[in-house]
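A.B. asks: Residue numbers (my numbering), protein chains in the order written: chain A, 1 to 131; chain B, 1 to 131; chain C, 1 to 131; chain D, 1 to 131; chain E, 1 to 131; chain F, 1 to 131.
There could be a bad hint or two in this list.
Because identical chains share one entry, a pair is satisfied inside a single copy or across any pair of copies.
Mimicking BS3-like on lysine-lysine, the simulated pairs with C-alpha atoms at most 30 Å apart in a straight line are [stated by the list, open to error]:
#1 K5 / K47
#2 K47 / K130
#3 K65 / K94
#4 K65 / K47
#5 K130 / K94
#6 K54 / K130
#7 K5 / K130
These aren't lab readings, by the way, just hints derived from the structure by calculation.
Number of protein chains: 6
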Amino acid sequence: MSTVKLLEDHELSPQANAVFEDIRATRQTDYVNNFWRSLAHDPVTLKRTWESLKSVMGPGSLSPKMKEMIYIAVSVAHGCDYCIHSHTASARGKGMTEEEYHELLAIVGMAAETNRLATALGIPVDAIYKV
Amino acid sequence: MSTVKLLEDHELSPQANAVFEDIRATRQTDYVNNFWRSLAHDPVTLKRTWESLKSVMGPGSLSPKMKEMIYIAVSVAHGCDYCIHSHTASARGKGMTEEEYHELLAIVGMAAETNRLATALGIPVDAIYKV
Amino acid sequence: MSTVKLLEDHELSPQANAVFEDIRATRQTDYVNNFWRSLAHDPVTLKRTWESLKSVMGPGSLSPKMKEMIYIAVSVAHGCDYCIHSHTASARGKGMTEEEYHELLAIVGMAAETNRLATALGIPVDAIYKV
Amino acid sequence: MSTVKLLEDHELSPQANAVFEDIRATRQTDYVNNFWRSLAHDPVTLKRTWESLKSVMGPGSLSPKMKEMIYIAVSVAHGCDYCIHSHTASARGKGMTEEEYHELLAIVGMAAETNRLATALGIPVDAIYKV
Amino acid sequence: MSTVKLLEDHELSPQANAVFEDIRATRQTDYVNNFWRSLAHDPVTLKRTWESLKSVMGPGSLSPKMKEMIYIAVSVAHGCDYCIHSHTASARGKGMTEEEYHELLAIVGMAAETNRLATALGIPVDAIYKV
Amino acid sequence: MSTVKLLEDHELSPQANAVFEDIRATRQTDYVNNFWRSLAHDPVTLKRTWESLKSVMGPGSLSPKMKEMIYIAVSVAHGCDYCIHSHTASARGKGMTEEEYHELLAIVGMAAETNRLATALGIPVDAIYKV
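Bound conformation, chain A alone (with noise of 0.2 Å):
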């Protein structure tokens, strides 16, 4: 259930139509997901959004494929069921393995695991970790 309606092609506002247009360029396909369908109410977010994350998610040291995977792991532990399925299913698509998929949630669910322990224990950071 959302809090607005999804937007269709023929209801988005010119400035809205030319972000989704960048969308299908940057991405080769016709298809546009629910999240910039939300968005396109306010052009204004729906565009710096977007070209926040072209330019984030674009090319650079790491490979998109270790980026999306970083992507779920924040999304995870945001708990954003949305951004679990899409970005799970982006990795899938740009070449993440069901082993490396695999080796992904488990070291999320270790985090989790010693985030706690150690915020409950209140460990000071070691001075040889200072920068």
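Keeping the supplied structure of chain A fixed, place chains B, C, D, E and F upon it in accordance with the hints.
C.D. replies: Same frame as chain A, now just chains B, C, D, E and F:
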């Protein structure tokens, strides 16, 4: 400020000491960081946690560096200061460049932003993401 | 899927019914939403929670609309789907425009991003922010 | 304890310096806070984050004070100590009274409580909240 | 909507099947819940997670009922819908009364509220709490 | 670093002082911890929070020790350093043994791990858990 005393080597139970010896042998360093010195009050949890961590972070499909970077991402999302510092240091020790580190942070921040937007809007998961 | 049955009016204890009557009188509507129908199994918590909410969300320095918008922001950050929907509806009922709603979401997303960046970097609080 | 050095003015790259100049001009103060001095290691993220923040927190339907108060609410829910202090200072600088501040805190606390109750009970969203 | 298929008994690898047999023997029921059917794609994580859970939730100083109630509290704070439902059912199965359940929820809600207030105010830890 | 001054006894308003007197009488100690000294700037929230806490943590089905342990669990999951330290001290004061404390931590860590695994996998809730 911690909720238990950090145990020094001469205060360890034999079971805890055995785990410390394995930590030293595995990491090839005499240094045992504060996380384990806090957990050492409970040798059963110490042993189970160390063995799980050794397994999860050990050789696999993902590189040691990538595993540490995923660990950082989760630790940031959980706000665990200790874990952020220890795993950032580990990732650098395993070859994470500053360029990779900044890409990681940009992804973590971006994911946090879109996670909250998607949650706020209650966006339905697209059918194409269905397994 | 809920962990307790939603109570209908004829299933309420006298103490729970008294709270429902106050909810109806305060909000000037016969409709009592599911949150209270779940809490009604525990009339003490029902009464305490309703009275706290009535006090906190009642007249004060901040407008009713702004109070609901802050409530949405917190609910998003906690990932509470029920609360997001009920308070988004309330905020709209108290005059939140779609423009204000989209500004709210943009702030929530932006804050999430910079929150995680600041936490990741372990940035020390500037002395000028000291009270 | 931070994971990167805070950069001083003479250590900035030209791109980072240009962002600092815009921060100073926009805020009409020579002081640039630690958040930007940490981010300055990555001029691309620095520039993107500052421009997004300037846009999101700039003139709009909501007052600058209200925007800062929403920012505080999110920062509290995410447990970002740096952000809590910097945005509480900003909100006061933009006119938040102590009375308004205490109302804000009361709402944040109340929302946290009902968020967790609603999540624990798995309460279904009422049909009347449907868009 | 899940990211992996739930495995049925005839789809299990021999290693996963061995874990399922231990789950059945330990719990004295033929029913194996969806959590394990999802994890079964990765027999190493399945085995490690089950053995850790069996150890942590097994006989100790705290009663099985209390252990499940603590598990519920954590699951609510992390917003894990699956875990909330499965552990609420387990706690009831181990004797949690409805009165105890409602006390648990009241504590979880109250803690959430004071957690956020203390974080917002940046309250320094009292010296008397020092170990 | 806090966002408000901790109030000393001679700085309290009469309404805040009355709450402090009740805290002292209820706890049978002259010591009033920093949490209340921060909240005392807002006597209405101070009084409401104290009375709610007194009710929730007062006599009931669960022992005072168990109530404090649940409080710790929630505080850890929310990353509230102040609350972790104050409630760990309280739990010890109410008889929590070190063995019980370590069992608590192990459960909190384990729950964090399985919470994130279940969320990542999007596991559907089993029909048998339905109320």
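A.B. asks: Each hint should be assessed against the structure and marked as holding or not.
C.D. replies: Outcome of the hint check:
no. : hint       : result
1   : K5 / K47   : within (18 Å within a copy, 33 Å between copies)
2   : K47 / K130 : between (39 Å within a copy, 27 Å between copies)
3   : K65 / K94  : both (5 Å within a copy, 20 Å between copies)
4   : K65 / K47  : both (24 Å within a copy, 25 Å between copies)
5   : K130 / K94 : between (36 Å within a copy, 16 Å between copies)
6   : K54 / K130 : between (33 Å within a copy, 24 Å between copies)
7   : K5 / K130  : between (49 Å within a copy, 10 Å between copies)
In summary, the structure agrees with every hint in the numbered list given earlier.
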